[in-house]
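K.L.:
Letter by letter, the chains look like this.
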Amino acid sequence: MNAPRLLGIVFAAAALAFLLVLVPDLGDDPFLGGGGFYTVGPTALPYLAGGLVLLFSIAVALEAKPAGSADGAGGGRLGLGLLFVGLTLAYALGMLVLGFLAASILFLAAVFALYRPRSWIVATILAIVVPVAVDAILRELFLIPLPSGLVF
Amino acid sequence: MDPLLLALWGFTTPAVFLTLLGSVVIGLVIGAIPGLSVNIAVALAVPLTIFMPTEQALVMLIGLYGSGIFGGSISAILLNAPGTPASAATIFDGFPMARAGLATKALRISLVASVFGSVFSIALLVMLAPQLAQFALRFGPVEIASLLFFTFLIIGVLSGGSLMKGLLSASIGMALATIGSDPMLGIPRFTFGSTSLMDGLTYVPLLVGLFALAEIIEEATKGFSKTAQKVELAAEDRAANRITRTELKMMGVPMLRASAIGSAIGILPGIGATIASFLAYADAKRSAKDASRFGKGDVRGVAVSESSNNAVVGATFIPTLALGIPGDAVTAILLGALVLQGVTPGPLIFMTAPGIVYTIYFALLLSTILMGVIGYFAVRPLAMTLRIPKIYLMPCVALVCVAGSYVARNNIVDLFVMIGAGVLGFVFNRTGVPVAPLLITFIITPPFEEALRQALTRSQGSFAPFLTNPVTIGLALVAILLVLLSARRERALAARASAEKAADDGDAKASEGRA
Chain G
1 MNAPRLLGIV FAAAALAFLL VLVPDLGDDP FLGGGGFYTV GPTALPYLAG GLVLLFSIAV
61 ALEAKPAGSA DGAGGGRLGL GLLFVGLTLA YALGMLVLGF LAASILFLAA VFALYRPRSW
121 IVATILAIVV PVAVDAILRE LFLIPLPSGL VF
Chain U
1 MDPLLLALWG FTTPAVFLTL LGSVVIGLVI GAIPGLSVNI AVALAVPLTI FMPTEQALVM
61 LIGLYGSGIF GGSISAILLN APGTPASAAT IFDGFPMARA GLATKALRIS LVASVFGSVF
121 SIALLVMLAP QLAQFALRFG PVEIASLLFF TFLIIGVLSG GSLMKGLLSA SIGMALATIG
181 SDPMLGIPRF TFGSTSLMDG LTYVPLLVGL FALAEIIEEA TKGFSKTAQK VELAAEDRAA
241 NRITRTELKM MGVPMLRASA IGSAIGILPG IGATIASFLA YADAKRSAKD ASRFGKGDVR
301 GVAVSESSNN AVVGATFIPT LALGIPGDAV TAILLGALVL QGVTPGPLIF MTAPGIVYTI
361 YFALLLSTIL MGVIGYFAVR PLAMTLRIPK IYLMPCVALV CVAGSYVARN NIVDLFVMIG
421 AGVLGFVFNR TGVPVAPLLI TFIITPPFEE ALRQALTRSQ GSFAPFLTNP VTIGLALVAI
481 LLVLLSARRE RALAARASAE KAADDGDAKA SEGRA
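Line by line, the protein sequences give chains G and U. Under full-length UniProt numbering, the first residue of the first sequence is numbered 1, with each subsequent residue one higher. Under full-length UniProt numbering, the first residue of the second sequence is numbered 1, with each subsequent residue one higher.
Take these hints with a grain of salt, some might be off.
Not close to chain U: a few residues of chain G, all C-beta gaps over 10 angstroms, as computed [stated by the list, open to error]:
hint, residue
1, A13
2, L20
3, P24
4, A102
5, V134
6, E140
7, L150
These stretches of chain G come out as covered by chain U in the derived footprint (C-beta under 8 angstroms, 3 or more residues) [stated by the list, open to error]:
hint, region
8, 80-87
9, 105-117
In case anyone wonders, no lab produced these hints; they're calculated from the structure. By construction, the Cβ of each residue, glycine as well, lies at the ideal position given by its N, Cα and C atoms.
Could you build all of it, start to finish, from the sequences and the hints given here?
P.N.:
Structural data, given as C-alpha cells:
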C-alpha cells in the first residue's frame, strides 16, 4: 500500500471517529442549548468539516496510484526523522524542568551528537552561542518571559 | 495629517526603516538557502511581531516576503536547487548560464526581473484593491458565506497537482478551525476541558510547525547534509557578465506578459508563485519566435520565471486586503499577524484603517527598492550563505521554532501543537498533499461560520437566500466549472502517463527480445 492511500484511510478513520463520537458528544452537552431561534447550532460546522474530510480522504485513498509510483517527495530514513521529532518533544518537556537556556543547550548538543557534525568545535560553539543569543534577545530586547525551569 | 503622509512619515522613523532594511537582508539570506523557504522566514518572524507596533510588524513581514522570493533564485542559479519552490523554473535557464560562466549575469537578470514583476503587481494592487473593496462593501452574510465557501473550493482545486488532495487539505483546515469556542454562542468545542484550547488552536505554532518544523524533519530524515556547497563567482569574466541593451530589449515583452500572468495567479487564492513561474515560463517558450535557446541558458527564461513569481507578491494582497481572503500561504500568515495586531482585513479596512493599507503599499514598494539595491551589490556575499552545511543550520532553526511557538502565549500546549503540526506537514509533504489550503481554510473558517449562521438566523433556517442570490449562483457556477476542468485535466494527465508507461514497457520488452 502506498503512502497517499494509507493517508486517505487514516484520515477516513479519524473523520468517522470525529463524526460518530466527538461531534455527537458535543450535541449531548446539557449546557449547549443554542436557543430555538438558531437553526444552525455549534455542531453544524463540525459535521460539515468532518463530512468533507471523510469524503475527500476516501477519494484520496481510491485515486492513489499503485505502490512504487512516484507520488510526493520521498527518500531519506524515516527513523532519523522520528528521532528528531522525539528529541524536539523531549526538548519541549525539558524546558519546563530545566528552563529554556539549559534545555536548548542540551537539545543542540543531543542533535549534534546523534547526527554527527563535520566539526565538533563549530558544533560546540553553536550549541552554546545560539541558545544564549536567543535567550538574551527574547528576554532582554523583547522582554518576553521564558520558562526558568524547576531545577534552576 | 493625511493617512497617506502619515504612513510615509512612519518609514522615516529609525525603528521602522531599520526593521525594513534588516528584514530585506534576512529575507535574501533565508531565501537563498535551499530548504529554508519564504514561508518559513515569515512564519518564524510572526512571534516576534506580536510585541511590535503594527507598522513595524507589517514592514518586517513584507520585507521578508518580497526579498525572500528573489533570494530563492540565488541557489536555483548557482546550485541547481531552488531556495524557494517559487524559483524552481529559474533553474531551467539559470543553471546552464552559471555553468557557462555567466552566473553573475543570471543573478542580475533575476534581480531586474524580480523588481519589474514586483513594481507591476504593486501598481495593480493600488489600482484594484480599493475598487474590489468598494464592491465587496455591498456584501451581506449570504454573499460573504458564499464567497468564503467558494474560496475553500478554489484553493482546494487549484493549489496542487491533485484535486482531491487539495480539497482534503482544505477540509482538514476547516475541521481544525472548529476547535475552541463557537463564534456565535461561545460554547467550547473539542477542548477536552483545557482552557488553553478555548481560543482554538493557536495560529503561530500551527504555521511554524506546518512550514518550518516539517522541513526540518524532512532534512533530519536525510541525516542533515554535512557538505558545504562550493560556489565561486570571483573568477567569472566581468565583461561577459554585463547585461546588454539587446538583452534588456529582448526581455521586455516576455517580462510584461510574465508579470501579468503572475499578478492574475496572485489574485486567485491558494495558487502561489510556484505555479505562476511555470505558467509564465511555458507561455514565454510558446510565444517566442526562436525558442531553441530555452533550457540551455536563455536570459528570457530567467527573466520570465523571476518576474512572474515576484508579481505574485503584490497581487496576493488584493484579495487579502479587499476581501479578507488570503491569496497564498504567506498572505495567510500576514493576515493572521494583522489579526493578532487587532486589525481585521476586509473591505472595511480601507475606511477604518487606511494608514495600514498605505503602510502595506509603501512597505511593498520600499522593500522592492531595497531588494534591488542590496541584491545588486551583495550578490557575491549572498552566494557565500550557500556554504552553510544543514547540520549546523537546521537544529538552530528548530530551536527558534520552539522559542517562537512558546512566546506567542507562554503556553507549553503550543509547543505540542507546533510539533503535531510539524509531523502533519511532513506527512503532507511526503504524500504530495499541499499544505497551503489547510492554513488558508483554517483562517477563513471562523468568518465563514459566523456569516453562514448569521445568514441562516436571518432567514429563519431557510437556505432560499443562498439559492436565489446572484453572487452565490455566479460563484457556484464558476466553482463547478473549475472542478470539472480540473477533473478533466487530471484524467488527461493520467491517460498520458499510462500511455507513456505502456510505450516504455513495450520498448523494454522489445530490447529484451533483441537481447
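K.L.:
Each hint needs a verdict: does it hold in this structure or not?
P.N.:
Taking the hints in turn, this is what the structure says about them:
no., hint, in the structure
1, A13, "14 angstroms, holds"
2, L20, "14 angstroms, holds"
3, P24, "12 angstroms, holds"
4, A102, "13 angstroms, holds"
5, V134, "5 angstroms, violated"
6, E140, "13 angstroms, holds"
7, L150, "13 angstroms, holds"
8, 80-87, "holds (count 5)"
9, 105-117, "holds (count 7)"
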